[in-house]
Amino acid sequence: MSMARARRSPVIARDSAPTPDTARRLTQYALPLAKAERLWFCVYLPKLPLEACGPGDDDLAVIEERQGVHRVLLAGARARAAGVLPGQSPNAALALLPGLRLEERNEIREQQVLELLATWLEQFSSFVSIAGRDVLLLEIAGSLRLFGGLKSLRRQVAAGLEAQGFEASLAIAPTPLAATWLARGGQRACVREPANIMAALRSLPLSCLDWPPTALESLAGMGITDIGDCQRLPREGFARRFGVKRLLELDRALGHAPDPRNSWRAPERFCADFEMTEEQGDRELLLAICHELLQAHEQFLLTRQLGTQRLLFTFFHLKAKATSLPLGGARADRAADHWYELLRLRFEKLVLPEPVIAIRLRGGTTRALHATSGSLAFQGGAPREHYYSMSQLAERLAARIGNESVHGVNAVADYRPQYAWRTRDLFAARAADALTRVRQGIERPLWLLPEPELLSMENGHPLHQGKLRFVSGPERLETGWWDEHGIARDYYTAVSPRGAGLWVFRNRDHQRDGETAWYLHGMFG
Amino acid sequence: MVGARMPRDSDTSSLEKLLENPRVWRARSQPAPAEGLSSGYTQLDRLLPGSGWPRQALTEILIEQYGIGELQLLMPALASLCTEDPGAEPVEPGWIAWVAPPFQPYPPALQKFGINLARMLIVRPRNDSEALWSAEQALSSGTCAAVLLWPHRLDDQASRRLQLAAEKGGSWAIAFRPLAARHEPSAAALRLELSADHRGTRLAILKSRGGSPAVLHNVV
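Chains as they are written, first to last, in the numbering used here: chain A, 32 to 556; chain B, 16 to 235.
By construction, these hints were calculated from the structure, which means they are not laboratory data. Heads up, some of the hints might be wrong.
Capping the alpha-carbon separation at 30 Å, the derived lysine-lysine pairs in DSS-like fashion look like this [to be verified]:
| # | chain 1 | residue 1 | chain 2 | residue 2 |
| --- | --- | --- | --- | --- |
| 1 | B | K32 | B | K183 |
| 2 | A | K380 | B | K183 |
| 3 | B | K183 | B | K222 |
| 4 | A | K498 | B | K127 |
| 5 | A | K182 | A | K78 |
| 6 | A | K380 | A | K78 |
Quick caveat: nothing in here was measured; it's all calculated off a predicted structure.
Next comes chain A alone, as it looks inside the complex:
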């Protein structure tokens, strides 16, 4: 510690040098601040160029062009077993493994994958930073309690990364750079105290530092191979030879200089693609991919406390036009399983003209959605997972049998029987809920026929299963003159010989063959 402090002095001297007195006082006041330590969790993805090409591809090698020559950058498991090594020429690699698939490094895709991972990591910390091409940093001091401590948090992150098919090296340190270097060094390090940083970094080879090769070479020429060696060099000389930036990096790593980072913020609307290497027609597989996309979507919304009511799946084909599958819910939701169930119902009916080459999931406009607290385990003993709300039920029904086939009803104040009701859209907001009371006391049937049915006649008497017996009536309805659907009818209640209660009417003005036509309009059920 004292050694570090002694080496630090030249930097301080460059700024306004505090007198020994003020320095002591500063330290005193700085003590409480030291309690609010930051702790950085670094996720280093050494195989990102390979992993960005898709999961589980063992026969793949990623090649990169350097100074006009292609070289193998990374190779999949089977390729490595066959002897394909980084730095080989593509031809040499192909000679070793004839079935080898070579793919050019795609940094744009790597960046996309990195952003997706950053989105996923946002569930663990509100501060996620993308630091370089293959490094993600999380500030976790504030998250430790929520995730049950450092070990548990680390385990959750590691398990999640592994499940997503990423090989990651994780390290925790009080400064972002120290964490990054430790992770790059492949050490499962966990340093909590700033005082211990130096001890952890000391033996770390300089190759972990992402410094330019020329600097590393000349350092190696001086016999300097690890960070401990570097620290022992005189500061001025080091700064002169290798640049103030390198010195600053060392200071930052050890916590002697502040290292501000920017938190990464994802766009507020979700859009993710899943590209396949070859066309896929297997619907189960496509569904599984959709589920994966939905999970990423859920994570995306979860970190923002948002939900959405609409989703759009697009299935791309090589030759045909893309097929789109919109999904809608009655309320904002983000749960992947919920959306997946809706998707499965709709997907059953979806016709795909061709095999699929890529799937895109685009989220709809989002709405604030706050998580509801789960009940304590001992409160609700009964399993409630099968229970869902009306809106969820309506969604499920509509997803399978169509939106227009699931609805509510409203009464409307109109004397014309066929206009005295209207369907109510269960998915619309509650605006259409304004109920109008109809006049009480009038006889109305429980069943209304979609269209009045013309009754056959016998000697001027209407028939339905035989001669009708009139019970009450007439109730004269003459209204609707303001539009084309005006009516002038006399309604009667009648009973058929077989006991059915019927609601029949005759038009007052329309004569048919000199006789009045009778219609059946409803049944008293």
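With chain A held as given, fit chain B onto it using these hints.
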């Protein structure tokens, strides 16, 4: 951290042992009152076990034709299900799902019978299998207090499924079937036959779990 971990197995078993003690009274484990849902017709209530419609079970109503009072028979009970009971604890009133109704249930008349129109769900499936699926979903959702279903066909297995869904969701299932179905086996807890002629209606209890067959005249 280590101290916080509890030996779970022994704990739950000792809890169970404690709960077996007859002196422990649990509010939730009261024997469910076998009381039925009052039909609103005293004559009928007297003949039904639990003096009312069987809750959380399938009721089958066999009818010869529509319009002979088959809905009026249910209306008082349905109205009590979908309106808030001022005396009872504040429970969301249930929904009433109509799956594949043969005609349009007419809101003005429903209102007259006291049905809360805001709690009506009408489902018009395209075929019988969709109808059955919809009814099952509605029954097991736990949101529908009653589900009315008009299937073209309902075999023994389907009726069993409806019965199970009704039990699961605590919902009352009512299936309307033609008279011809009276000789088909069914898992329904209650089977009624409603017929009418010029003298009036005749309601026969064909099967009643915990009750006995009976015939009533002019209930509706």
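Review point. Hint by hint, which ones does the structure fall short of?
Key: Violated hint (a single one): 6; every other hint is consistent with the structure.
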